[in-house]
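Construct the entire structure; sequences and hints are all you get.
Respectively, the protein sequence lines represent chains A and B. Residue numbering for the first sequence follows the working numbering, starting at 1 and increasing by one per position. Residue numbering for the second sequence follows the working numbering, starting at 200 and increasing by one per position.
Heads up, simulated DMTMM-like pairs for lysine to aspartate or glutamate below, C-alpha to C-alpha not over 25 angstroms straight-line: (1) A:Lys22 with B:Asp342; (2) A:Lys22 with B:Glu334; (3) A:Lys22 with B:Glu338; (4) A:Lys87 with A:Asp119; (5) A:Lys87 with A:Glu3; (6) B:Lys286 with A:Asp153; (7) A:Lys22 with B:Glu349.
If you are wondering where the hints come from, they were derived from the structure by calculation, not from laboratory data. As the structure is a computational prediction, the values presented were derived from the model and not from experiment.
2 protein chains.
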Amino acid sequence: MLELAILGLLHESPMHGYELRKQLTTKLGAFRFAISYGSLYPTLRRLQADGWISEGAPPGMPASTEEVPLLTGKRGRVVYTITAEGKERFQELLGAAGPETYDSEAGFGVHFAFFARTDPATRLRILEGRRRRVEERREGLRDVLSRAAERLDAYTLELQRHGLDACEREVRWLEELIANERNGTTPQPPSAQDPERSS
Amino acid sequence: MLELAILGLLHESPMHGYELRKQLTTKLGAFRFAISYGSLYPTLRRLQADGWISEGAPPGMPASTEEVPLLTGKRGRVVYTITAEGKERFQELLGAAGPETYDSEAGFGVHFAFFARTDPATRLRILEGRRRRVEERREGLRDVLSRAAERLDAYTLELQRHGLDACEREVRWLEELIANERNGTTPQPPSAQDPERSS
DNA sequence: CGTTCGATGTATCGGACCGATACATCGGGC
DNA sequence: GCCCGATGTATCGGTCCGATACATCGAACG
Chain A
1 MLELAILGLL HESPMHGYEL RKQLTTKLGA FRFAISYGSL YPTLRRLQAD
51 GWISEGAPPG MPASTEEVPL LTGKRGRVVY TITAEGKERF QELLGAAGPE
101 TYDSEAGFGV HFAFFARTDP ATRLRILEGR RRRVEERREG LRDVLSRAAE
151 RLDAYTLELQ RHGLDACERE VRWLEELIAN ERNGTTPQPP SAQDPERSS
Chain B
200 MLELAILGLL HESPMHGYEL RKQLTTKLGA FRFAISYGSL YPTLRRLQAD
250 GWISEGAPPG MPASTEEVPL LTGKRGRVVY TITAEGKERF QELLGAAGPE
300 TYDSEAGFGV HFAFFARTDP ATRLRILEGR RRRVEERREG LRDVLSRAAE
350 RLDAYTLELQ RHGLDACERE VRWLEELIAN ERNGTTPQPP SAQDPERSS
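The structure is reproduced here in structure tokens:
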């Protein structure tokens, strides 16, 4: 999950850890409150070991802009740049639409956040998969509320009702997005200003 | 988190792992889809080591009812019973209203699910703490939407909007619950049929 | 009658992610 | 001159998840 998110952000521009976390928080803030450094830094090191990202400025760009002068001490800010292999990996992860994509809030949120760079067919598959998942959950809650309501106290009942309401709302939201997706009226800016693969 | 949930369920009646998971799923199904055995069984063992629960039927009850006859093979079903210390521990956890109580969905959900056995003052503190947390999140989303809207693509924007909507809805829900709580018109069954401490 | 299949049931392992914590630098206000 | 909050990198222990394995039981199906 974090892997996709990090690659996606570094695909837009090189960044160091702190900035990465801030961007992660604002872009995915709707689904998770904040990403912990305890997961961010280990993941960064793993991505680097796998060759998807590398330390330092991108090879094409001169590294002299402004990231170096600030580090007077020993442990300066470390800028991470996505590699060519990393970009391929990103596309691969983007295209994946397995259960891990819609099972968790976070998983769906991250994929959705990069929908502008996902091809339309995959977008549709992810939205429909997510809808199916939420519908299952909704049915489960309805069953509990209709069949076992008398055996639960009022607070638990209220919790279920609130959960059911949220499910119904999300399903309606997804329906709308799916409909938009089908007739191309996507709420998305035309790809003119974002040429899909700028490398 | 799991600790509180398990103690709460075992407080109602002794149970084995499988049944525990099912109850967990229906009672807390509004917040988490299902609890994994990978967390359930280790937690059960930890609780047993700490002395909060014990294997076998409760000391007061004859264990002959129906849990023993089914185990013909070697590894039969293991019934867990809450101990007296476990009940104290449960009360202690119930009364806690720290950040861990409202920070995560799951944490809040579990506490809320046992509100019928929580004292009114704690209920109010937890609801208000949760509201505060969700309001902060809501403000963060509003800031992003008003200040950085033009720098985000339409999908990310839509995600934020949906998140903001969910936050506003939850705040309203909490307001209602808090109001009910304050003038005693709680949607809760009077404590007559559940004498708080039946041991 | 055997067999297969789904529900019931216990259990472990690796991995993802979090929360707390530590430490270091820098700019600005007092 | 000093402290404080924002910036910045990093680790550690712990919680929980997902996949997997394995065993029993009753019912369905040939």
